[in-house]
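Asks: Line by line, the protein sequences are chains S and G. Everything in the first sequence is counted per our numbering, starting at 1 for the first residue and increasing by one. Everything in the second sequence is counted per our numbering, starting at 1001 for the first residue and increasing by one.
Treat the hints loosely; a few may be bogus.
As the list claims (entries may be wrong) - Looking from chain S toward chain G, a few residues come up when the C-beta cut is under 8 Å (computed): (1) Ala-29; (2) Tyr-32; (3) Arg-43; (4) Leu-46; (5) Ser-85; (6) Phe-89; (7) Tyr-99; (8) Lys-100; (9) Leu-101; (10) Phe-103; (11) Gly-104; (12) Lys-105; (13) Gly-106.
Claimed, not checked - Computed cross-link-like contacts, DSS-like style, restricted to lysine-lysine with a CA-CA straight-line distance of at most 25 Å: (14) G:Lys-1057 - G:Lys-1071; (15) S:Lys-42 - S:Lys-71; (16) S:Lys-22 - S:Lys-57; (17) S:Lys-68 - S:Lys-42; (18) S:Lys-105 - G:Lys-1009; (19) S:Lys-42 - G:Lys-1009; (20) G:Lys-1014 - S:Lys-37; (21) S:Lys-71 - S:Lys-58; (22) S:Lys-22 - S:Lys-71; (23) G:Lys-1014 - G:Lys-1071; (24) G:Lys-1071 - S:Lys-105; (25) S:Lys-105 - S:Lys-71.
Simulated from the structure, these hints should not be mistaken for lab results. Computed from a predicted structure; not experimentally measured. Glycine included, each C-beta is placed from N, C-alpha and C at the ideal position.
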Amino acid sequence: GENVEQHPSTLSVQEGDSAVIKCTYSDSASNYFPWYKQELGKRPQLIIDIRSNVGEKKDQRIAVTLNKTAKHFSLHITETQPEDSAVYFCAASSGGSNYKLTFGKGTLLTVNP
Amino acid sequence: NAGVTQTPKFRVLKTGQSMTLLCAQDMNHEYMYWYRQDPGMGLRLIHYSVGEGTTAKGEVPDGYNVSRLKKQNFLLGLESAAPSQTSVYFCASTRGGGRVYNEQFFGPGTRLTVL
Chain S
1 GENVEQHPST LSVQEGDSAV IKCTYSDSAS NYFPWYKQEL GKRPQLIIDI
51 RSNVGEKKDQ RIAVTLNKTA KHFSLHITET QPEDSAVYFC AASSGGSNYK
101 LTFGKGTLLT VNP
Chain G
1001 NAGVTQTPKF RVLKTGQSMT LLCAQDMNHE YMYWYRQDPG MGLRLIHYSV
1051 GEGTTAKGEV PDGYNVSRLK KQNFLLGLES AAPSQTSVYF CASTRGGGRV
1101 YNEQFFGPGT RLTVL
């Protein structure tokens, strides 16, 4: 089955700095890569996603890049703010299916004012 | 729309007791999922359903059973709870169908402690 590795497990940045979280996946058939943000005590919520036919996608301060050859994708957050502090999860569609996701173990991002 | 809701929000069980977690969605989604979240382990899929009357095993199905008798509901059962099942349980749903993947919407979670 699909295996998703996520790094780092914790990340601390100063407000205004950029943050980058990286994930690798094992199954070359995976074609959908979402990122979820989970604030403390809350449910995970989708913040951005990318499909395998696209190399990069941006939404205001967040962007995701995908390298299919290397089987890795990354989340980039620019101009970080304290409200960006949360756990971020990457995921990959399992075996190219359109109904299952395999999640990474998460990155705790702390933005220090 | 309420989206995805879960009942109960918190529960404490003794080892060997049974319980059922209820997930409901009002978005007419085809696919529904149960995950457990443990510290440092991310979200792990327990069971899922791709339509009313269907269920399938996920990554960590042992000790759990599920049922999807109605399209809008997905039940997760623990027949004989064990301390290893102490976790936060999330239900999720997605529109499903077709060849394109759709966003999964999560419920608020159920925090279960087994003593």
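Asks: Going through the earlier hints one by one, which of them does the structure break, listed in rising order?
Replies: 1, 5, 15, 17, 20, 23, 24
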